[in-house]
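Peer 1: The task is simple: from the sequences and hints, build the whole structure.
Chain by chain, the residues:
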Amino acid sequence: MRPPLPETDIELSACVDAARSGDEDAFRALFRAVQPRLLRYLRVLVGADADDVASETWLQIARDVHGFRGDFDGFRGWAATIGRHRALDHVRHQKRRPAAPVPDEDLTDLEAPSDTAAMAVDALGTDAALTLIASLPQDQAEAVLLRVVMGLDARSAGRVLGKRPGAVRTAAHRGLRRLAARLGPDGDARPTDDPMIPAGALTPRDAT
Amino acid sequence: MTRISRLDARRILDGRDRSGRLGALLDAAAAPPRPQELGGEDTVLAAFSAAPRQTASPARRFLARIVIIKTVVAMTLLGGVALAASSSLTGDDAGSPNSAVSEAGLPEPAPNTPVDPKTTSPFAPGDTGSPTKGPEEHEPITLERLTELCRLFLDDPGVAQEEKDYSRLEHRAGGLDRVRRFCQRLVNNGEDQGGDENNGRPGTPSTEDPKTDGPQDGTSPMPLPSPKPTKPGGDDKGREDDQGGKPKGDKGNKGLSALSYGTYVG
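The listed protein sequences derive, respectively, from chains A and B.
Using my numbering, read the first sequence as starting at 5 and increasing by one per residue.
Using my numbering, read the second sequence as starting at 10 and increasing by one per residue.
These are computed hints drawn from the structure, not numbers from a lab.
For each residue, glycine too, the CB sits at the ideal point set by N, CA and C.
Possibly wrong hints are sitting among the right ones.
Label pairs and their calculated CB-CB ranges [unchecked claim]:
#1 Arg159/A x Ser14/B: 15 to 25 Å
#2 Ala59/B x Arg168/A: 36 to 46 Å
#3 Ser25/A x Ser28/B: 39 to 49 Å
#4 Asp56/A x Arg15/B: 30 to 40 Å
Peer 2: As structure tokens, this is what we get:
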């Protein structure tokens, strides 16, 4: 999920247009392109409930895409905005029900195991990486994810977060520094077989 | 990479620098999608195809507005043409029709002063149904009626001018000074050609123009209360669905027929 090639972005922008007028295949392409990124972003916000929140998000997108104006960049930002709103609704709803586990705890709980995960850079799988990022203060985690995973620029990310681009850059910068500090200095010897890493603590990198 | 400058940060975030552990971490976070991350596609697509479409495009609403505007304009233009056509049939000068000439006498041999009924009728006689003449101003006059008026006129101009639709005869004749000649021709033609008049229509008076072929029954071909287009576009311009800070700026990409959706091949 590197930043997509411009060519692909153009094609996906065409998909946005086609989906607006009801083209199912085009909408499927948009779903496949955006859903994984969205899901990872939502995991930082709502943890294990990300799947549910993502479903709600897509239902709203499916309903409203006909009135959407913009290219694929705009579509990603729009999807992230909707997803974020749904996630915040979800968190509020959870907090109103005392019996349910509060997802916010995910973030605080993650502080400890993330240190473990941080040491396993080489073998780092997507889940472990996300877990580590999620251990950041939320504004930093969101800034990093919107930039790196959702592929938004600072301005678009700011639009999602309701912040100015400068604030997003600052948050992302701080997040990166914190991550780097946690990961430790780069060295020749990659700590693949670091004895401190408990076996099975890491999700193996998925070979798709 | 313990010290990360803002510039470094930007390059890392943009994906231009993914070296070191931090780079590996971010690459892992943005790795290609895994199968479990694409679940729910069927549900989403079902929702998509079930979504109502009519709320859709502001563009379509805009197009619809254009169509509406065009229709109104076309009807207005058509109306104008029809109005012109019908007014050439109907004496539409609003001045009191049956006054002036009675005072002016009968300037049979064409006085060189053009007589304007509006100015030469300071006293519009209010007796002969002047309250009802309003709507009739716009009604066409039939050839039958014209002929009848002409006969009256030739018998006694004063009597003819008492008729409330006399002004139309004058209008058709092209002026007060031409009424007599016009009527002579009309009546003579009609009498010359005897009875072969359909709808009581005498052949064709030489000065006649084909507009007489209009409806002969005295009903207006088109009532035409001068259409007032109510600017269909101007009222709800700003009513676009602004949901959730959507970026505007349509790029208008069309034609995605042969698109490869292979964003994630692998």
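Peer 1: Hints first: check each against the structure and report whether it holds.
Peer 2: Hints, one by one, checked against the model:
1. Taking the beta carbon of each, Arg159/A and Ser14/B are about 21 Å apart, inside 15 to 25 Å as hinted.
2. Judged by the Cβ atoms, the range 36 to 46 Å given for Ala59/B and Arg168/A holds: they are separated by roughly 39 Å.
3. A C-beta distance of roughly 44 Å is found between Ser25/A and Ser28/B, which places it inside the suggested range of 39 to 49 Å.
4. Our hint of 30 to 40 Å for Asp56/A and Arg15/B holds, since their Cβ atoms are close to 37 Å apart.
When each numbered hint is compared with the structure, no violation occurs for any of them.
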